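Protein chains in written order, with full-length UniProt numbering: chain A, 1 to 441; chain B, 1 to 441; chain C, 1 to 441; chain D, 1 to 441.
Hint data in this document are derived by calculation from the structure and do not stem from the laboratory.
Since copy identity is lost for identical chains, a pair holds within one copy or between any two.
Each computed BS3-like pair below joins lysine-lysine, with the alpha-carbon atoms no more than 25 Å apart:
| id | residue 1 | residue 2 |
| --- | --- | --- |
| 1 | Lys203 | Lys42 |
| 2 | Lys367 | Lys384 |
| 3 | Lys203 | Lys169 |
| 4 | Lys135 | Lys440 |
| 5 | Lys203 | Lys51 |
| 6 | Lys367 | Lys429 |
| 7 | Lys203 | Lys440 |
| 8 | Lys440 | Lys128 |
| 9 | Lys128 | Lys169 |
| 10 | Lys367 | Lys42 |
The model shown is predicted, which means the values in this text are computed figures rather than measured ones.
There are 4 protein chains.
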Amino acid sequence: MIPRYSRPEMTEIWTPETRFRIWFEIEAHAMDALAEIGVVPKEAAKTVWEKGNAAVFDVARIDEIERVTKHDVIAFLTHLAEFVGPDARFIHQGMTSSDVLDTCFNVQLVRAADLLIADVDALLAACKRRAFEYKDAVCIGRSHGIHAEPVTFGLKMAEAYAEFARCRKRLVAAREEVATCAISGAVGTFANIDPRVEEHVAKAMGLEVEPVSTQVIPRDRHAMFFATLGVVASSIERLAIEIRHLQRTEVLEAEEYFSPGQKGSSAMPHKRNPVLTENLTGLARMVRAYALPAMENVALWHERDISHSSVERMIGPDATVTLDFALARLTGVVDRLLVYPERMVSNMDRLGGLVHSQRILLALTQKGVSREDSYRLVQRNAMKVWDSYQKAGASDVDFLTELLNDAEVRAALSEDEIRDRFDLGYHTKHVDTIFARVFKD
Amino acid sequence: MIPRYSRPEMTEIWTPETRFRIWFEIEAHAMDALAEIGVVPKEAAKTVWEKGNAAVFDVARIDEIERVTKHDVIAFLTHLAEFVGPDARFIHQGMTSSDVLDTCFNVQLVRAADLLIADVDALLAACKRRAFEYKDAVCIGRSHGIHAEPVTFGLKMAEAYAEFARCRKRLVAAREEVATCAISGAVGTFANIDPRVEEHVAKAMGLEVEPVSTQVIPRDRHAMFFATLGVVASSIERLAIEIRHLQRTEVLEAEEYFSPGQKGSSAMPHKRNPVLTENLTGLARMVRAYALPAMENVALWHERDISHSSVERMIGPDATVTLDFALARLTGVVDRLLVYPERMVSNMDRLGGLVHSQRILLALTQKGVSREDSYRLVQRNAMKVWDSYQKAGASDVDFLTELLNDAEVRAALSEDEIRDRFDLGYHTKHVDTIFARVFKD
Amino acid sequence: MIPRYSRPEMTEIWTPETRFRIWFEIEAHAMDALAEIGVVPKEAAKTVWEKGNAAVFDVARIDEIERVTKHDVIAFLTHLAEFVGPDARFIHQGMTSSDVLDTCFNVQLVRAADLLIADVDALLAACKRRAFEYKDAVCIGRSHGIHAEPVTFGLKMAEAYAEFARCRKRLVAAREEVATCAISGAVGTFANIDPRVEEHVAKAMGLEVEPVSTQVIPRDRHAMFFATLGVVASSIERLAIEIRHLQRTEVLEAEEYFSPGQKGSSAMPHKRNPVLTENLTGLARMVRAYALPAMENVALWHERDISHSSVERMIGPDATVTLDFALARLTGVVDRLLVYPERMVSNMDRLGGLVHSQRILLALTQKGVSREDSYRLVQRNAMKVWDSYQKAGASDVDFLTELLNDAEVRAALSEDEIRDRFDLGYHTKHVDTIFARVFKD
Amino acid sequence: MIPRYSRPEMTEIWTPETRFRIWFEIEAHAMDALAEIGVVPKEAAKTVWEKGNAAVFDVARIDEIERVTKHDVIAFLTHLAEFVGPDARFIHQGMTSSDVLDTCFNVQLVRAADLLIADVDALLAACKRRAFEYKDAVCIGRSHGIHAEPVTFGLKMAEAYAEFARCRKRLVAAREEVATCAISGAVGTFANIDPRVEEHVAKAMGLEVEPVSTQVIPRDRHAMFFATLGVVASSIERLAIEIRHLQRTEVLEAEEYFSPGQKGSSAMPHKRNPVLTENLTGLARMVRAYALPAMENVALWHERDISHSSVERMIGPDATVTLDFALARLTGVVDRLLVYPERMVSNMDRLGGLVHSQRILLALTQKGVSREDSYRLVQRNAMKVWDSYQKAGASDVDFLTELLNDAEVRAALSEDEIRDRFDLGYHTKHVDTIFARVFKD
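Looking at chain A on its own, in the form it has when it is part of the complex (with noise of 0.2 Å):
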């Protein structure tokens, strides 16, 4: 997590001043609970919400405690008790810092959670978008980064549509398996706390309750939860990827935008970089690589150590602050990405029409004439076509042109039967179908 792939909404929820405020929440919640049950006064949890409220914290005075204490809770403990007064003694009982941190970490992640859920509602709203904007606009499909058939550009929309709704789905999961509470006490057991303390501060903190814990919450569940932003960023991977090919200089039938004064641009117009997907390619990178040190974090020795700690604090912020900017970095580029349906009809136009040659040997294959002979008659009118693009890029013989003056061929497919298997429409009558699955809401 550095600044510069950083966004504030992110980036707010892992500031100690944050942290903080969530421990204090727990506590004075759990005071709630054991006043309830009478194991504390009323009268002390009235006056914990009230101070606590109104206090500010102040983290570098924690920290300062913290260097004594050697450790965070206890100093967090040690300030709070200086805005509470003598009904601090209350505060805590019979929990463990465990309870506090395992909790909060999980209120960090669902809130994570919920921004990156956004993140992807608004990416989804932009595909939706440039899907239907670009819903007929035809342009060749490429396998292997071939010339295969066409397809259209909104049909690649639809595509990141559909991946990022499972994304969506995915990150909806994966809020699920971490948002969860464990106020179990040393070991899990509830023998210095009742479980009903457990119960009302889950509700209140919007988690469930952790059916079995072992002081710390079972580390499965962020294990997954990380596991899932790798995926998602692999999706941002794929999305990137797909942009940087089309804005190559040979290609460029999409560009990131750049506004038209923008500097640099003028002398070297083809210079325009793709440097946010390529960026957008790089953070991917980083956010799979934090799943393995989460999965890594699972075993953890008999009821718990400590070395899921060091990671966390580093994976925490920087797996879902890297996450949250890549998704709204790449909705900015869908967003705003300037698209050429003009040059994608002249790229395919630019082998002259041999993307149609399947289909004519096909029509000559139902009109009877051999595979061989097809096949030698298909041939010898692409390899012309192809012979002229294969040198300079851009053919200047016309496949259809060359076919309708093949006496041979034309022995066996009259001009409208030719000029029939050019039809784009042959290949985009389906998009509307394929619409209607991907945005059937």
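Starting from the known structure of chain A, arrange chains B, C and D on it as the hints suggest.
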């Protein structure tokens, strides 16, 4: 995937024979749909089913053809035609190889997921049985590998149960991710094939229709699938490491099963190595690693490239076969685990009752002894116990006796009050609550 | 490791037959040393060599024995005894299984490294040959996938040469890392075996003595080995992706070799897919992934556990066989790559000479035209070229002509001065310098 | 990289201030070379050095400029010009941003490597000191976590020494990998800059010339660098886990240092947690993870793209700062590790001498007792010891005594012969040999 770590049912899914059988079913179901909508003769579809069902596909023969055609699906279709006869010309009409390959791969993954889910069910049953068997068997809970507070061995098993119940849910979701079918032709536009064919095949093969494919089924689905397997493997690692710890010579609270007459253990009875769980630790590393190339597979170029194929030829079998084996092995380990409750107690007792020091401290302060004095009193007795333990690994000083003999302690606490704090029931009083949460079904 | 992506020489290293042969050699060499220092009879050592050399080890038989003994080395020794007779009782004296297994694994890795180094040598030769062949073949250099300044195709090959020369050096270092032998007995203390035995076996097997082993050879060595393989794989990926880019329909500056009569290419001559390099991209992902479990293998518990074993049974063959195959495949691709210098020129020219805009800008400013005016002059001519290119993918406006016809430009620069700036030689003048650096041997 | 796990010297390398200072040096050295070959006035070069050396670069000001120019190097040059005055127009002539950025990044990595190597040296010194300190301190060696044969604690430290000596060598190689300089201009052809400039800057900055760059320095170098860091981290993890094991309550043969008066340990003297080594375990996971994106960075498109940049902005500091911190922390842990030789002996003794059962078995067979009888004799005595140990964690039966009292055993072995087999010296007799190998310098 190597024979040593494979089980036949899962391996079977990945044999050429199974693959060709699935290919055949996809082609034959597609024929039915094509016949239904009038593209091919109904008689031909019938013939394909009859001849194909009766056929025994000859893998060596198909390999031989592939060496000539350099194309696996064409080789298969050629071989199929040898059985079907002239009607074979109607097979695969309007389809691409990817339609067959991708749908087949998903069928295989779905079947693999079904086995894995069944594996987890068996593991859950074992964990549950052992959990109830040792629900009340007190053992020391350890944080950081250090004795903390008492738990029960049943709680450990309940935690494993809860964790694998989550794994099961994740596997069900992962199965759903890949349970899709695409029969959409070149670049996925249905230009040459009616979407109804896809619908029919999907239903017949127990899959959902892929809303938008691009010749290939989008690989974010598979990334999620293999990432999930990596998370499940990490949970296996956790339980394996728990058992490895418990089997350490110094701990020895549980052991992997060994038959009484098992060779080699006679002269060195202490040398029973947790080799199965060590093996599981290694296997988990492998399954986890396979998640990465699966994620890198997502960003195929444009409508598709073939870079994912080599990866999937490897991790398809490798990840599922290894995880299946690991789950089954772990189930066996749990099922037959030798558990030593007597040793659990003696391990705890070796610290001479120190585990109760916290409660005594609390009792003293509750009686009005100052925090500082309470510490001093507990400490001077605790240190005697500890010094003895530290040297010899088993204390010959008893904390309870020391406390009872400490006049200053006794001034604050009666014998009964002291003895009360040594009650293990205090720590296990909520075991039933936790069990009720975990085993709610 | 699957047959499709395997080559026999590397696969051979990992067969049971090879393994048993290496085990035999280790045992027999150890016998020699034991005999030399008087622990076993010299006659016995001689007998072991004679009988063992003559023996054909029966893998099925050893497997059969292992099913009873549950121990692979014991099974082998039992089988070996069947050949050797009574003198077999002197074999393996003072040794542990790990002595045999770990030393054997390292012998296998060393042999694998030798093959990989030879593979890289072949690749280097291919890169070098193509580098000199196309040393002066100008093509556009691309940054961000966008046309930048001219380079030559030979430079691309020189870069690949330099990169794989580094890979070679790394493989040599990786080989050295694992070229160690340990015959140190249980927990590595030489309690039951004289260190001179280890020294003798090491020398005989072409290895160095492991300075301190703990029954096992430390796994940081293997982590480094497999990490190195992952880096080499990443370099393969880079060159593979370069070729995939060059083969794109719109670029088509190079193509993987296809035989003139290769089927399928006749009717769709444009549909030549870079399937080999795509395949290499996938294989690189796999080899890279294997580095991770190798790193996780380092932290064995205490003197050793067996968790690394399952990992190594898999990645030993998987990583080396796959990388060997990938290097050989890449060598074939480079060796026979179809290179189209004519198209390289035409691709560059499609931008109508815009690639020289920078030099014109510089020339103008050097002539005293203000920076702003220079920009304006270049821009107004460049944009004409660009507008034409952007739409059609090939400009029908020529930058040079436009400049020559621009009175304001001509006021500052003569025709010769302008034409001079369109000289490609300006960009290639240091190619020889670079070649001299790269191919210094 | 977070402050909690950072040390100032390494962090310093990655500050904007350091980066700008390095940029300045690169530019100024390039000026010298340009002046030398007559491209720019010598006076200008001198001015740049004088003004630049005196300047204090204002990071906020540069950021401000970057917000306008959207380009970091231009922003810096603009700011530099504010100090230098008119001669600034000669700076950066013929260079690209990558020349500055990549060379600077390598300078930073080289400096980081120097710190890491120094860190390892400190760690080696600590390991060596502790190795000699406990060279003869016998403790049980454990395979699979199970007592095996005796080793010494010094041997454990020697093993760590040997492992980190290998790490040092790897770091030196990794440093060499990235110690290159590229000043080769756009797409690396030296079209606009003389190769002599690169040679001069390389030498001045303590780097080698990059033989062939493509505007960027090839990223396989950096992949190797970060992969090496991942391997070093794995060795850290190994030693950390060893210590965590030794500190377990049941083992307690060593402990991380705690000051006698350290709070919290008084009432629960057993609760000293190995939090530093647990922390190191987590940090190792992170450093290992960073190797992956570094490997994925290798395959930049064509001559370069910018996808590696975001990755390196993160892992450059993150990996080096974390590893530096981890090495220093581990050194501290080793240096002050509390070692309990007395407990090592008592742990071994708790098995009642069973550790010697193998030697007795051998002694019996050597005396001509049949293998079967020998087993039976050893077993019947061993099992008595074991049964006692298994229950209570410390045997009250003594193997030696039992053997001495077993008539059948005594028929084959005299008291002295039996006692001889209980000699620990048998196991440690080669410790000096191993030390001589490890500490040969």
